[in-house]
Amino acid sequence: MYAIITISIVAIIVLFLGAIQKKTPLLPIIFVGLPVAFIINLLGWNQSIHYYNEMYIADNFSIAFNAVLIFTTLLVFIFAPVYYKPVKRPLEDIYALILFALIGALTMTGFGNILMLFVGIETMSLSLYILAGSKKFDPNSNEAAMKYFLTGSFASGFLLFGIALIYGACGSMNLETIKEFVVAHHNNIPAMLNIGLLLVAIGMTFKIGAAPFHFWAPDVYEGSPTLITTFMATVGKVAAIAAFFRLMSSSFSDMESSWVVTLTIFAIATILIGNLSAFYQDNVKRMFAYSGIAHAGYMLIAIIALKQQAAGVLLLYSISYTIATITAFAVLILVREETGTFSINAFKGLAKHNPTEAFAMTIAMLSLAGIPPLVGFAAKYNLFIAAIEQGHLPLVIVAIVGSMISVYYYIRPVVAMYFNLPSATSAIDSSSNYKKQIFLAAFLMIVLGLIPGVIINLI
Amino acid sequence: MSELVTRNYSLVTEYMELISILLLVFPLLGFLAIGLFQKQMNRSFSGILASSVIFINLILAAILFNFVSSSNQTVETQLFDWIKFGDISIPMSLTVDRLSALMMLIVNGVGLLIHIYSIGYMKEDEGVNRFFAYMNLFVFFMLTLVLSSNYLMLFIGWEGVGLSSYLLIGFWFKDHVNNDAAKKAFIMNRIGDLGFLLGIFLLYSTFKTLSISEIAAKASLMPSGDLTLTAITLCLFIGAMGKSAQIPLFTWLPDAMAGPTPVSALIHAATMVTAGIYLIARSSVLFVLSPVTMNIILVIGAATAIVGGIIAIYQNDIKKVLAYSTVSQLGFMFMALGLGSFSGAMFHLTTHAFFKALLFLSAGSVIHALGNEQDIRKMGGLRKKIPFTFALFIIGTIAISGIPPFAGFFSKELILSAAYEHGTGMGILATAISLLTTLYMFRLLFVVFYKPESKEIKANHHIHESPKVMLYPMAILAILSVVAGFVQMPKLFSETQGFDTFLSPVFAKASGLATVSGQALSVQTEWLTLIIPISIIFVLIFLSYKRFVNNKELAVQTGIQHVFANKFYFDEIYDFFLVKPLAFISNVFRGLLDQTIINGFVNAVGNGTLFVGKRLRRLQTGNVGLYLIFMVFSIIAILFFNIIL
Numbered sequence: 001m002y003a004i005i006t007i008s009i010v011a012i013i014v015l016f017l018g019a020i021q022k023k024t025p026l027l028p029i030i031f032v033g034l035p036v037a038f039i040i041n042l043l044g045w046n047q048s049i050h051y052y053n054e055m056y057i058a059d060n061f062s063i064a065f066n067a068v069l070i071f072t073t074l075l076v077f078i079f080a081p082v083y084y085k086p087v088k089r090p091l092e093d094i095y096a097l098i099l100f101a102l103i104g105a106l107t108m109t110g111f112g113n114i115l116m117l118f119v120g121i122e123t124m125s126l127s128l129y130i131l132a133g134s135k136k137f138d139p140n141s142n143e144a145a146m147k148y149f150l151t152g153s154f155a156s157g158f159l160l161f162g163i164a165l166i167y168g169a170c171g172s173m174n175l176e177t178i179k180e181f182v183v184a185h186h187n188n189i190p191a192m193l194n195i196g197l198l199l200v201a202i203g204m205t206f207k208i209g210a211a212p213f214h215f216w217a218p219d220v221y222e223g224s225p226t227l228i229t230t231f232m233a234t235v236g237k238v239a240a241i242a243a244f245f246r247l248m249s250s251s252f253s254d255m256e257s258s259w260v261v262t263l264t265i266f267a268i269a270t271i272l273i274g275n276l277s278a279f280y281q282d283n284v285k286r287m288f289a290y291s292g293i294a295h296a297g298y299m300l301i302a303i304i305a306l307k308q309q310a311a312g313v314l315l316l317y318s319i320s321y322t323i324a325t326i327t328a329f330a331v332l333i334l335v336r337e338e339t340g341t342f343s344i345n346a347f348k349g350l351a352k353h354n355p356t357e358a359f360a361m362t363i364a365m366l367s368l369a370g371i372p373p374l375v376g377f378a379a380k381y382n383l384f385i386a387a388i389e390q391g392h393l394p395l396v397i398v399a400i401v402g403s404m405i406s407v408y409y410y411i412r413p414v415v416a417m418y419f420n421l422p423s424a425t426s427a428i429d430s431s432s433n434y435k436k437q438i439f440l441a442a443f444l445m446i447v448l449g450l451i452p453g454v455i456i457n458l459i
Numbered sequence: 001m002s003e004l005v006t007r008n009y010s011l012v013t014e015y016m017e018l019i020s021i022l023l024l025v026f027p028l029l030g031f032l033a034i035g036l037f038q039k040q041m042n043r044s045f046s047g048i049l050a051s052s053v054i055f056i057n058l059i060l061a062a063i064l065f066n067f068v069s070s071s072n073q074t075v076e077t078q079l080f081d082w083i084k085f086g087d088i089s090i091p092m093s094l095t096v097d098r099l100s101a102l103m104m105l106i107v108n109g110v111g112l113l114i115h116i117y118s119i120g121y122m123k124e125d126e127g128v129n130r131f132f133a134y135m136n137l138f139v140f141f142m143l144t145l146v147l148s149s150n151y152l153m154l155f156i157g158w159e160g161v162g163l164s165s166y167l168l169i170g171f172w173f174k175d176h177v178n179n180d181a182a183k184k185a186f187i188m189n190r191i192g193d194l195g196f197l198l199g200i201f202l203l204y205s206t207f208k209t210l211s212i213s214e215i216a217a218k219a220s221l222m223p224s225g226d227l228t229l230t231a232i233t234l235c236l237f238i239g240a241m242g243k244s245a246q247i248p249l250f251t252w253l254p255d256a257m258a259g260p261t262p263v264s265a266l267i268h269a270a271t272m273v274t275a276g277i278y279l280i281a282r283s284s285v286l287f288v289l290s291p292v293t294m295n296i297i298l299v300i301g302a303a304t305a306i307v308g309g310i311i312a313i314y315q316n317d318i319k320k321v322l323a324y325s326t327v328s329q330l331g332f333m334f335m336a337l338g339l340g341s342f343s344g345a346m347f348h349l350t351t352h353a354f355f356k357a358l359l360f361l362s363a364g365s366v367i368h369a370l371g372n373e374q375d376i377r378k379m380g381g382l383r384k385k386i387p388f389t390f391a392l393f394i395i396g397t398i399a400i401s402g403i404p405p406f407a408g409f410f411s412k413e414l415i416l417s418a419a420y421e422h423g424t425g426m427g428i429l430a431t432a433i434s435l436l437t438t439l440y441m442f443r444l445l446f447v448v449f450y451k452p453e454s455k456e457i458k459a460n461h462h463i464h465e466s467p468k469v470m471l472y473p474m475a476i477l478a479i480l481s482v483v484a485g486f487v488q489m490p491k492l493f494s495e496t497q498g499f500d501t502f503l504s505p506v507f508a509k510a511s512g513l514a515t516v517s518g519q520a521l522s523v524q525t526e527w528l529t530l531i532i533p534i535s536i537i538f539v540l541i542f543l544s545y546k547r548f549v550n551n552k553e554l555a556v557q558t559g560i561q562h563v564f565a566n567k568f569y570f571d572e573i574y575d576f577f578l579v580k581p582l583a584f585i586s587n588v589f590r591g592l593l594d595q596t597i598i599n600g601f602v603n604a605v606g607n608g609t610l611f612v613g614k615r616l617r618r619l620q621t622g623n624v625g626l627y628l629i630f631m632v633f634s635i636i637a638i639l640f641f642n643i644i645l
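Top line first, the protein sequences correspond to chains A and B. Going left to right, the first sequence walks through residues 1 to 459 as my numbering numbers them. Going left to right, the second sequence walks through residues 1 to 645 as my numbering numbers them.
Bear in mind the hints are in silico, worked out from the structure with no lab data behind them. In this text, all values refer to a predicted model and were calculated from it rather than measured experimentally. For each residue, glycine too, the CB sits at the ideal point set by N, CA and C. One thing to keep in mind: the hints can contain errors.
Unchecked claim - With beta-carbon atoms standing in for the labels, derived distance ranges:
id	chain 1	residue 1	chain 2	residue 2	range
1	A	Val-407	B	Gln-561	54 to 64 Å
2	B	Asp-180	A	Thr-356	29 to 39 Å
3	B	Lys-208	A	Val-407	30 to 40 Å
4	B	Ser-70	A	Thr-356	43 to 53 Å
5	B	Ala-217	A	Val-407	53 to 63 Å
6	A	Ile-388	B	Phe-633	29 to 39 Å
7	A	Val-407	B	Ile-88	50 to 60 Å
8	A	Ile-388	B	Tyr-569	19 to 29 Å
9	B	Leu-429	A	Ile-411	38 to 48 Å
10	A	Tyr-52	B	Phe-633	31 to 41 Å
Please build the complete structure, drawing on both the sequences and the hints.
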């Protein structure tokens, strides 16, 4: 809770400084504020404090995910100076909006009341709508914002309708009370609750960008400024999936029969559509959008198999996905900076002049594809094991087939980087900040792949 | 008071555990430091760094050795759980008992000397940093092999030394011959490794564990001659055959001489090739319970010793002679294992490490002096040109020939007495084998150092003694070759059986299980077994002096000698009966099975996936209205299927 307050204060200070045209202290304040928030967040470990009539719960689940979200945001901000180098104005609005979106995300992981979930989602989404369009003079950016807003508010409508129906059935929006209601009416769940739950699930599925409500994702991811895409693909997705998991595990785990089949179909469709559509993409940014869709499908498996150690596995998966994605986007930003295109051809011969970046990109791609010994493998492996133990073998088979397909498109940038040396473009000038961040990420991907148990047993 | 003692005691154990981990950490760090910064690192620095790493290791090994030999306990160190799923659990853990303590002393001690020697030997080489990185990597894996407390980790070390060996044989990779030699070593070893791996699988399915000590405990309850045990030990022995160059998997070792000479000394004489002997000594309980395997080991060891020895007599490359000598000596050690004399094998392994490393380093010194000349026909009369090397070489020759009081005498004596205890016939055979050593070694000595100078030597005015950095390590090895034998005197002379006693706790269980204990020899027989061989040795030395020193050219080979000189045509036989048929079958399979069936299937799957992907992409039109319609239809469908149905 206090982490959220800290970040809110930082965001307001940033806005204020921007208003009085102070440019230099903006990022330093964020670089101090976010680590402070990170530490404050961790201080609540093992205490499980409930705030404001159960509105917000700071248990280990939310603290662990919040740590991931804050850390990821920090990584995104590290790229901000390089990404926005050509921009002369203070940019306080963009920074503040990213922070507000983060606040929404933090709220989503720790909600104790479905209304709070909605507030969190809307806080995040509204910030993201604007951020998607933050390249004001770029038509693609405008289009992305518009599409995101239209489809997003559409989904929010269903979500809110679902919440209303749940309230109508249970008489409460508190997660605990709903759970008691579900347990008490185990044998005759009212249709209203069923429909409400499905509508909420549809809304959440939209937010994590899973099929069949994924259509917005490729267009929005591609059109948005790349830094914002990075933020959406990592923080936005992880927060939504954590919220979805929290909702299902704390209230609806006892009425599995009414949602497991639907979500299984969603997951299968998501994995197949995501991976297959990524297949033909020559635009790497768009390819990552589809890859993000596919990974949303894998993360859905954690919800479907939520009875085992799935929370820990989901945490590991989120970390693995986040680190790899952010590394990949970092390199993508660098490449785009130099070549002016997101095409796969831009990666040709990268290894010749930029071995570090090429290596980090390779690690990220292999981790996303789930190649041992990287963390992506450990995450997928544990996820599949958890699902098999719950008897979801067909789903796991599809997921494995999807993984196999994904190797093809994840390897393509690697092949381009290493096997087209003669056509290498000139060296990309990367500042030391980038290198450190890239190194850190590659290091984490390797180390966590060796000791996944540490993360899984955390929550 | 007793509490204090206990606490002190556990503290000491903890230190020892830490040391055993550090023993692995240092060479690994050395490898990483030199390997990662080989482009930046000063060429003279890498050798010093690599040597210091091994020096620290030697001190650590000495501390551990002192601890296990004085306290008579084993140090068990748990590192981490490596594999854990279902009911399989394989922890990474280290065991330091007297056997592994001895081995790591040899590895680090001989390793250090050879590292220092290499500083001089490799000085002019461009890839010296790469060389030392590989050398440290080798030490790391060799120690992993020696220290591991389960068979799987041992296998990792086993493969690791194989890898280092491959990298170092092919060190001068610009020459195609070296690459071929490296590949040959790798492939030959792979055959053995497959056997080892099968043995590990069998071990796991039989004992449900891979821990060496647990397996020994469980196996000791099984009846002697148990079929599974026989199968397991045979598989392990096949592994040992590959690594330790026994018939039929020995042909890689002579070719491995393509690597730099220090590598031949360290890896292909003193340490790695003895891993097979270590493996069998480690698993002594299993082997003692499988008399069939023991007999096979005995036969193969003897055959290898004879074949290797005979081929060695007819080689004209100084390193090849030593390589076949190694093959023969390894066969001799396997004979000892087959006879059940584990400590005899280990003792000969130890002394052999000293004098064979010495001989290789001396050979390296000769090669160095002559500017990379290895053909002994182009040598001669070198005793005056490079007197130090000559002196050291002669010490090595005496030691390996088994002339008292040098080390080789004592270790051979231990094996010979085991052979005589087994039966007089076996004893005579073993004596004959050990006499072969005298023949080929003194031939080498005389041809290289005594024979009148060849015209190449006369023409070569650059012959120079090697630098001190090479000579000092050789001198230390020479001292060890002289004195190392005294730790274990023959029973005739002394009651103290130092080496035997030292290793007896390790082999206690095995010797308790041994089915046949040989009869103790009478004093007369013992004297005879001592005196007769020694007198024959002197006769042989005299004969070969006559034969080789005065003869200007090495005699032209005739008849059967041709077969010996051509290594019994082993390579040609393998090529005809194995390689060619295998290549033919591979070609058929590649054309039919792989290209047509498998490749066709895989391509069909790939094309199908691509096709679906292409179609699927069209759904994403970019029209937001269409997206919303999709969403609505989806929601309707979901609600319909969930609520109505």
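Beta-carbon spacing of B/Asp-180 to A/Thr-356 - inside the hinted bounds 29 to 39 Å or not: Holds - the Cβ-Cβ distance for B/Asp-180 and A/Thr-356, about 36 Å, lies within 29 to 39 Å.
Should the hint that B/Lys-208 and A/Val-407 are 30 to 40 Å apart at their CB atoms be regarded as holding? holds, 35 Å
So does A/Ile-388 sit 29 to 39 Å from B/Phe-633, Cβ to Cβ? 33 Å Cβ-Cβ, so the 29 to 39 Å window holds.
Between A/Ile-388 and B/Tyr-569, is the Cβ distance one that fits in 19 to 29 Å? The hinted range 19 to 29 Å is violated for A/Ile-388 and B/Tyr-569, with Cβ atoms some 56 Å apart.
Just to be sure I understand the hint, the distance between the Cβ atoms of A/Val-407 and B/Ile-88 should be within 50 to 60 Å; is that true here? With a Cβ separation near 27 Å, A/Val-407 and B/Ile-88 fall outside 50 to 60 Å, so the hint is violated.
Using the C-beta atoms of A/Val-407 and B/Gln-561, is the stated range 54 to 64 Å upheld? Once the Cβ atoms are compared, 59 Å apart, the range 54 to 64 Å for B/Gln-561 and A/Val-407 holds.
Within 43 to 53 Å or not, the Cβ separation of B/Ser-70 and A/Thr-356? holds, 51 Å
Mind checking the hinted window 31 to 41 Å against the Cβ distance between A/Tyr-52 and B/Phe-633? holds, 40 Å
Pairwise beta carbon distance, B/Ala-217 to A/Val-407, judged against the given window 53 to 63 Å: violated, 45 Å
Does the beta carbon distance between B/Leu-429 and A/Ile-411 stay inside 38 to 48 Å, or does it fall outside? violated, 60 Å
Of the numbered hints listed earlier, those contradicted by the structure are 5, 7, 8, 9.
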